[in-house]
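**Student:** Turn these sequences into a full structure, and let the hints steer you where they fit.
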Amino acid sequence: MGMKTDIKLIDEKGMRIDGRRPDQLRPIKIEAGVLKRADGSAYLEWGKNKVLAAVYGPREAHPRHLQDSAKAIVQCRYNMAPFSVSDRKRPGPDRRSVEISKIISEALESVILTELFPRSSIDVFIEVLQANAGTRCAGLTAASVALADAGIPMKDLVVGCAAGKIGDKVVLDLGKEEDNFGQADVPLAIIPRTGEIVLLQMDGDMTQEELFKAIEMAKEASLRIYELQKEALRRRYAIVAEEEKEEIASMEEIKEEEE
Amino acid sequence: MSGSKKRVVLPGEVVGTSEEFLPGEGTFEEDGKIISSKLGIVKYNDKDMSVSTEPLNPIVTVQKGDIVIGVVTGVRETMVIVDIKKVEGKDRGITGETLGTIHVSKASQGYTKDLRKEFRIGDVVRAKVMQAKPSIQLTTAYPEYGVVKALCTRCRGPMLRKGTMMYCPKCERTETRKISSLYGKMKGF
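Those protein sequences? They're chains A and B, same order as listed.
Its first residue numbered 0, the first sequence is counted upward by one per residue in numbering that gives the first Met the number 0.
Its first residue numbered 0, the second sequence is counted upward by one per residue in numbering that gives the first Met the number 0.
Calculated from the structure, these hints are not laboratory results.
C-beta atoms are modelled at their ideal positions from N, C-alpha and C, and glycine is treated no differently.
Keep in mind that a hint or two might mislead.
For lysine to aspartate or glutamate, the following EDC-like pairs were computed, each having C-alpha atoms within a straight-line distance of at most 16 Å [what the hints assert, rightly or not]:
| no. | chain 1 | residue 1 | chain 2 | residue 2 |
| --- | --- | --- | --- | --- |
| 1 | B | K184 | B | E87 |
| 2 | A | K154 | B | D30 |
| 3 | A | K168 | A | E126 |
| 4 | A | K154 | B | E87 |
| 5 | A | K35 | B | D30 |
Pair ranges (Cβ atoms, derived) [said to hold, decoys possible]:
| no. | chain 1 | residue 1 | chain 2 | residue 2 | range |
| --- | --- | --- | --- | --- | --- |
| 6 | B | G187 | A | D93 | 16 to 22 Å |
| 7 | B | K161 | A | P81 | 49 to 55 Å |
| 8 | A | L115 | B | G88 | 22 to 28 Å |
| 9 | A | R89 | B | G156 | 49 to 55 Å |
| 10 | A | K47 | B | M129 | 53 to 59 Å |
| 11 | B | S104 | A | R95 | 29 to 35 Å |
| 12 | B | C170 | A | R63 | 49 to 55 Å |
| 13 | B | P168 | A | P81 | 33 to 39 Å |
| 14 | A | P26 | B | R6 | 25 to 31 Å |
| 15 | A | K47 | B | M78 | 55 to 61 Å |
| 16 | B | K46 | A | F82 | 54 to 60 Å |
| 17 | B | K46 | A | R234 | 46 to 52 Å |
| 18 | A | R89 | B | K116 | 53 to 59 Å |
| 19 | A | R63 | B | E24 | 45 to 51 Å |
**Tutor:** Structure, rendered in C-alpha cells:
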C-alpha cells in the first residue's frame with residue numbers, strides 16, 4: 000500500500016489492469032459440501048484466490064476454561080498454505096493470520112445462534128490454497144457457506160467483499176497489483192438480509208466521501224455474491240436428493256432380483 | 000401456503016409471518032416474520048399452526064432409544080460413567096452432553112452385586128439410552144449390549160472372550176465382564 004510506482008492502475012478508458020470495470024467483481028465460483036469427513040464444507044474460487052473452508056461442531060469446547068455456560072464459542076483458524084503466495088510463506092500462525100481469524104470468527108458469531116449450544120465450540124477452518132488479494136473476504140464467504148452446509152442455525156449467511164482506492168478512484172474488489180500499489184483497501188462483510196456491517200477494516204487512507212462510496216459499492220456487490228452462495232447450497236442439496244433417488248431405485252432393483 | 004411440495008430453504012429465508020404461524024424447530028421470529036435458521040425443508044404443521052425447518056444435515060444429540068458406543072471413564076460399586084463417543088448409525092460427532100451413567104440395576108438382565116466386576120476403565124461399551132434428560136441414563140440389560148472391547152488391567156493388551164470370561168493372551172490373566180454378544184465382532188475394532 001502506498002508504494003510509489005509508475006504503474007498505471009487505471010487506463011485512459013477507465014479500465015483496470017486486469018481489464019475490469021471499476022465496479023466489476025472477479026469471477027466467483029462456490030461449491031458446498033466438498034469434504035466428506037467435515038460436518039460442513041465449502042470450496043471457493045474468487046479470481047485467482049482458492050479457499051477451502053471446513054466446519055466441525057457444535058462439539059464440546061476444549062480446553063474446558065474456554066467453555067461458556069451461556070453460549071457456544073466460535074473458533075476460527077485462517078491459515079495460508081506455504082505455496083499460496085509467490086514467495087514461500089513460512090507455515091504456521093503469524094500476526095496477520097491471527098488477526099484475520101479473530102475478525103472472521105467475530106463476524107460469524109454475529110449470525111450464529113450460539114445461545115442454543117451452551118458449553119460447545121463451533122470450529123471453522125479456513126485454508127487459503129492460493130492467494131491473490133481479498134482472501135479474508137473470500138475465506139469468510141466460504142466459511143459461511145460451510146456453516147450452512149453443516150446445519151448450524153444462523154440468522155443469515157455472511158458475505159464479504161472489498162472495495163478500495165486506486166489511481167484516485169474508488170473501485171470494487173482489488174486485485175493483487177491494485178492492493179500492493181493502490182491507495183486504500185476496505186474489506187467489508189455484511190448480513191445481507193439486514194444490511195448490518197459485521198466486518199470493516201481499512202488499509203491505507205481515503206476521504207470520508209470515498210469511504211462511504213466504497214462501503215456502498217462493497218455492499219451492493221456482496222448482495223450479488225450472496226446469490227452465488229445460496230445457489231451453491233441449493234445445488235449441493237439437489238445433488239443429495241438425486242443420489243437418494245438413485246439409492247432407492249437401486250434398492251428396489253435388488254429387492255426385485257431377490258424375488 | 001401449506002402445500003406438501005418439498006421446498007428447500009436457506010438460513011435467513013422468510014418462511015411465513017407471525018400472523019399465520021408459530022415459529023417451530025429451526026426457525027425464529029423477527030419483525031413479524033418467521034425466518035428459517037437452518038438449511039432444510041420447510042414443514043407446515045396444520046395441527047398447532049407452526050412452521051419448522053427440517054434440517055438436511057441434522058446435528059446429532061443423544062436421544063432416548065438411541066444405541067450408543069462409549070468408553071468407560073469411571074467405575075463405582077453401583078454406577079459406571081461412560082463417555083459417549085458415537086450414536087450408532089450416525090456419522091457425525093455428538094453435540095451437547097456426552098457423559099452417561101449405567102446403574103447396577105440396569106447393567107444386566109439378572110442381579111448384579113458389584114459393577115467393578117462387570118466394567119473396567121477404558122472398556123468400550125455398547126448401550127441403549129433409557130433417558131436423555133436431565134441426565135443420560137444407559138442400560139446394558141440385553142445380550143447385545145455390554146462390553147465390546149476390553150483391555151487387560153495388568154498389561155493393557157486387548158482381551159479375548161473365553162466363555163463368559165475375558166482372557167488376556169499376553170499375560171494369561173482372566174477377568175470378568177458384562178460381555179456383549181457382539182464382543183470382537185464390531186467393525187473397526
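**Student:** For each hint given before, does the structure comply? Return the numbers of the non-compliant ones in rising order.
**Tutor:** 3, 4, 5, 6, 9, 11, 12, 13, 17, 19
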